[in-house]
Structure formats: C-alpha cells, structure tokens
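Asker: Numbering (our numbering), first residue to last: 264 to 439.
To be clear, the hints were calculated from the coordinates, so they are not data collected in a lab.
EDC-like, lysine to aspartate or glutamate: derived pairs with alpha carbons at most 20 Å apart:
1) LYS272 - GLU320
2) LYS273 - GLU320
3) LYS379 - ASP396
4) LYS395 - ASP414
5) LYS273 - GLU324
6) LYS395 - GLU324
7) LYS379 - ASP337
8) LYS417 - ASP368
9) LYS272 - GLU324
10) LYS417 - GLU367
11) LYS417 - ASP406
12) LYS395 - ASP406
13) LYS395 - GLU320
14) LYS379 - ASP414
15) LYS379 - ASP298
16) LYS379 - ASP406
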Amino acid sequence: MKPGQAVPKKPFEAVVREQGATVLRVCRAILGVHDADDAWSDTFLAALQAYPALPPEANVEAWLVTIAHRKCIDHVRAGSRRALPVDQPPEQRSSLGIPGDGHEDLLHALSRLPPKQRQAVAYHYLGGLPYKDVAALLGGTADAARRAAADGVKALRSALFIHPSLAHTSSKGDIL
264 MKPGQAVPKK PFEAVVREQG ATVLRVCRAI LGVHDADDAW SDTFLAALQA YPALPPEANV
324 EAWLVTIAHR KCIDHVRAGS RRALPVDQPP EQRSSLGIPG DGHEDLLHAL SRLPPKQRQA
384 VAYHYLGGLP YKDVAALLGG TADAARRAAA DGVKALRSAL FIHPSLAHTS SKGDIL
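Let the hints inform the model, and build the full structure from the sequences given.
Answerer: Here's what the structure looks like:
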C-alpha cells in the first residue's frame, strides 16, 4: 500500500462477526432480552445499507453503537404504540451461548435504572465507547456521561449486593 492511500474497509460480514456481540449487549441493556434481537437486526440492516458510504477511517464500533441507540429508541417508541397480548408463557431462553445469556438478574437491575444511567452504563461498559462518544449520544458533556455511568454502576452494585447471587462481572471483567 502506498503512503496516503486509503485503507480498505473490512467486508461487512467481518464487521458483523467482530461487533455483533457488542451491539447485542448494548441492545439488551437498553431494551431487555426480549426486544434486543429485533433492535440488533434493525441495527445491522441499517448498517448494511449505509456501510458503502462509511469512510474507511471511521470508528465502526462507535458508528454501530450510535445506530443501535437510535434503533432502540425507535423500538421503545413503537412498543408504546402497540399492545402485546400474551396467551402463553414465554419460550425457554436459548442455550446457544448468546452473550448476556444467564445474566437475567443483571439485565433486570439495568432495566430499573433511570434511562440516562442505563444508557451511559450500556454504551460505556458494554459498548466500549469513551465518555465523549456517550455524551454525544445522550446529549451533554463527557463529565455528565461519566457521572451518569458512575451513578448507574453504584446503583447496580447496591442492587446486586443486596442479592449476592446477582453479582456478575461485565464483559471487561469489572465487578458491577
């Protein structure tokens, strides 16, 4: 490759393989287990359509988390407009090793956080975004995003240590 020549982009399939679990963790943290798969699919469908126009030097992870953020918002808005009658109990969860599987208590604790805290925790700790990118998604400053994430983690620790069986580690190995 010659100096000054653009770095070629990875095939989209490789992007999905590398970033799929991260996007799913973010979607699950924001929406919960049941709605996350739809948001994940919507995220990668939108990303597939926009990928050809993405500059090669773009931060693909931040770009995907941004799309996931917007798809989660769309899903929440759509869910508030429709009723979901349930006649039968939900199916048993998959045992296929899907990221986040077996962490229902942590996801439940996440779902009880205020939206800004839940999103800040999801985007920073599960999505791997720096606080300045979290701030851009949530609106506000990096310090405000850091504070929201810290408050969220503190609330999660309280919730999880009240019930010690709920204590899990994040994808980065941090005890929440």
